[in-house]
Amino acid sequence: MAGHHFSIAREDWSLHRQGQMDQDRHLEKVREAIKNNLADIISDDSIVASDGRRLVKVPIRSLNEYRFRFNWDKQERVGQGPGNSQEGQVIARDGSPAGGAGKGAGDAAGEDLYEAIMTVDELEEILFDDLALPNLDPKRQPDINTRQYRWDDVRKHGLQSNIDKKRTLLEAVKRNRLAGRPPLHGFSRQDLRFKTWEERYEPQTSAVILAMMDTSGSMGEFEKQIARGFFFWTVRFLRTNYDNLFIHFLAHSTEAKEVTEEEFFTKVESGGTRCSSVYELALQLIAEKYPPSLYNIYAFHLSDGDNLVTDNQRSVELVRQLVEVCNLFGYGEIDAAAGNPIYYRSSTLSALYQREIHHPRFQSVVIKDRSEVYKALRTFFGPQNAQAEKGVS
Amino acid sequence: MTEPASAMDPRETAALEEAIEQIVAKAKEFGLDFFPMRYEICPADVIYTFGAYAMPTRFSHWSFGKLYHQMKTQYDYGLSKIYELVINSDPCYAFLLDTNTLLQNKMIAAHVLAHCDFFKNNYRFRHTNRQMVATMAAFANRVRQYEQDVGRDRVERFLDAVLAIHEHVDPFPNPKPAPAANLLRPRHSPEPISPYADLWSLDGPVPETPQAEEPPRRPGPTRDLLLFILDHAPDLTDWQRDIVSSVRGEMLYFRPQMETKIMNEGWASFWHARIMRELDLTPEESVEFARMHAAVLAPNRFHLNPYHLGFHIFEDIERRYGREKIFEVRETETDVSLIRNYLTEELCEKLDLYLYSRQGSEWRITGKGWEQVRDGILRQINNCGIPYIYAEDSDYQRRGELYLRHGYEGVELDPFYVERTLPHVHHIWQRPVHLETVEDGVTVIYTCTGPETRRSVKQ
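Read top to bottom, the protein sequences are chains A and B. Per the working numbering, the first sequence starts with residue 1, numbered consecutively. Per the working numbering, the second sequence starts with residue 1, numbered consecutively.
Looking at chain A on its own, in the form it has when it is part of the complex:
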C-alpha cells in the first residue's frame, strides 16, 4: 500500500522549552516548600554529615501528587526471580542496598516523600537568603588589601621577553595585506606587541570564629548534634561573607583547651563546668593572634548552662570583655530538658547573662530541640537583628 512510507526529520528543537519552564515552576515550588520547612531541613543530620558530598536529598511533603491509591503494604505483589527462587526466600530487607528497590516495591502506605535532590550550595542559597551579617560596627580599618598582578593588557612597548607573538604576527599580516603584499613579508617595529600586567589591589576580608563548647559530662549526644548542626551552618554562612575564615575549636569543662574539629564533636569529658576558663582562652587567642582592628571576630559559646555557681561572676566579667572585641558574641544554651518537670534547673547561665549583660553585640538563645537550630541562626544572623543593630551603631 502506498501509505506505508516513512520519513526521518531532524528539526531545530531549540525553541522547545516547555519542560524547562515547568521544571522551573516545580523548582520554585520546591524552594517555597523548603523555605517553609527550613527549621526541619537544616537540622537534618544527613545534611550536616554530608560535608563532602555535594548532593543532598531534601524530603518535601507538599509536592506529592496525592490520589486515591491502594494500600499495597497489606497486599501481595508479583515479582520475578532469576529462575530458582523458593517460597519463603527473603528478597530484600529494609535498609539493605536492595531495600532501595523496596521503596518502589512497597508503594507502602503512608508517606513516601518526594525528595528534592539539590546541592548544599543551593540549599544554602535559600537559607542564607534570610540571614544577614549583624552589621555591628562598620569595620574600623579598611580590610587587608592584597596586591595582585594580572596579565591582561597589551602595549606597543615593553620588555623584549614579554613579546606577544600571536598579536605581533597578526599586526604584521594586517599591515602587509593592507599594503597589498603577501601576508608574511617581514616585521616592522610598529608590529610589535608586548604583554603587560596591571597591578590591582583587592580587598580581602578575614573573619575568625571562636567555637566554644562545654564538653563536660552533661553534654550528651543530643547536645553535640545540635552544636554540630549549628556550627556547620554558621561556618558556611560566614564563609559566604568573608574570603578568609579562621576557625578555632575551644573545648572546656573546668579547664579549656584548643582541640581539633573531630575531638570537638566527639570527645566527652567528665567533671564540672567552669565557663570562665574558655573565655580566658578566647581572650588570650585574640590578644595573641587576631587584633580586633583587623579581624571580624565571631565568638559562639554553646553550653547546657550548668555552670559552677562560684564561677558565674567571673564569667560575666569575661563575656563583657569579649563583647568589646568581637563583632558578635552569641551564647546558645542547649536545653534538652525544657518543659520536662523532672529536671529542675535552679539557675542557668542564659538567665544570668540576660540579666547582667546588655550589649548590642551580645545575643543569647535557648535551643530546645533540633529544629531550633534555625531559630538560633536567625537570632544571631536574622535580618531584624542586623537592622536593629544598625540603628544602634
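Quick caveat, the hints were computed from the structure, so don't treat them as lab data. Every value quoted in this text rests on a predicted model; they were computed, and no experiment measured them. Backbone N, C-alpha and C define an ideal beta-carbon position, used for all residues, glycine too. Keep in mind that a hint or two might mislead.
Said to hold, decoys possible - So the derived label-pair ranges between C-beta atoms look like this:
1. B:A295 x A:A9: 26 to 32 Å
2. A:S206 x B:G450: 53 to 59 Å
3. B:Q148 x A:A9: 28 to 34 Å
4. A:G83 x B:L378: 21 to 27 Å
Unchecked claim - Derived DSSO-like pairs (lysine-lysine); straight-line CA-CA distance at most 30 Å:
5. B:K72 x A:K35
6. B:K458 x A:K74
7. B:K120 x B:K26
8. B:K261 x B:K368
9. B:K368 x A:K74
10. B:K350 x A:K74
11. A:K57 x B:K81
12. A:K74 x B:K261
13. A:K224 x A:K267
14. A:K257 x A:K289
15. A:K224 x A:K57
16. B:K261 x B:K81
17. B:K81 x A:K29
18. B:K72 x A:K57
19. B:K350 x B:K368
20. B:K72 x A:K29
Claimed, not checked - So the derived list for chain B, only partly shown, Cβ under 10 Å to chain A, looks like this:
21. Y68
22. H166
23. H168
24. R301
25. T366
26. K368
Assemble the complex: chain A is given as a structure, and chain B must be docked to it using the hints.
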C-alpha cells in the same frame, strides 16, 4: 542547546534512513500493518520533555516539570535512559534520541513499528483520537489563555485538584441511563445500590416506570468521576469545565495504552527481535543487539517487566498456535484477558514468577503456585491498578454534598493518601465530600469539609 559530540551527522542519518527502509520492508513482509511513520531525531532534553508529558505538546503543570526533572537528572547521571517515544497518531510520530548508536536506532525503529501496528489494530484503540497531538496542543493554548485571564495560581490550583482524580474515567460508560425506578429508590433502602443492582431485577417483571414523573434527582452511580463532576458539580465556571472535560479526554486517550502495557511492549519486543534477526548484522552489532535486548527484557525482583512478560507470552502463543494466532491476540485482547487466557503454569515456572509481601522489615516470597500468581497479577493490573471510586450522590443529605464510594474488592485504600486527596475533590465540588470505604473489615466514611477531613465508622 548545543548538540552533544556524539550526535548523528548527516552521513549517519543517511545510513539510518537506508536501514529503516529495510526494516519497514521486513515489517510489511511479516504482515505488520502500521500508519505512515514520522521518525524525529531529537536531543535528550526534548525526548525527556516528551517522555514526561507523554506527548509533544501538553498543558503546563509543575508535576510534568517534576517528572522531567527526575528523568533528566537520572539521564544526566547515567542512571537510566529512554531511547524512544512513540505517539498513537496518524501519521505515527516516533522520537529517537540523537545520541543513540545506529544499531540502537535500528532496533528502536523496528520496535516502534510494532507499537504502531498495535495502535492501529488493537480493538481498544479503535476509537482513540488519532489527531490527539493537535487536540492537546489546542488545549495547552487554552490553558495558557486561562492563566492570563484568571491568574496562574488559580488555574494551577484547579489543575492540581483535577489531576488528583483524573484517573477516574470510565472508558465504557453506560450508554443509556439506568431505569429511573432504581434511581428513585430511597437512600435508606436495605440493600446498597450497586452498579449491577439492576441485574437482579432482570428476571422479575419490568417495574412500572412512571413516565410522567420529573427527571430523577439522584444520578446513578458512576466510576467516571470527571464526567459526574461535569454533569453535576454545582459551581463550575466555563474555564473550569473545559479543564475537567479536556483532562478527561486526555485520560480516555491514554487509557487503552494503560490497559495494554504488557501486550504492547511484548508485541514490540517480539517484533524487534524477529526483524533484527533478518538484518545483516556484523558480529559486533549482533553482540550489541543481544546486550540491548537482554537489558530491555531484564526481569525485576519487585515488578513485572511488561517487556519480558509480554515477549514470552507472545512467543509461547506462537509456539502453541502458530503465527496467525498472535495477530488475532494483538487485536482482541487487553492485558487482563491476555493474562487470564494465556499465562500458563509452564510459563509461570519458566519465568520464575512469584508472589511476595512485606513481613516486618523483610520482603519475602510468599507463594509460587501459578494460579495464585496469575490472580496476583490480575489484581495488580485490574482497572490499570486504580481503585474503583463510584460517584453515588450529588445531593447527599439534600445539601448538595458529594458522596463517593470505594468499590472495595479486598484491597484497602491508602488512608494517608485518602486524607490528602479529598481536599482536592472538595476544591472542585466546593461543598463537603464524603468517601465510603472499608478498613479492617469495617465500613468507614471520610468526610472532607475543606479545612479538615474526618474519619468515622459508618452507622
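Handout entry: Which numbered hints fail
Key = none
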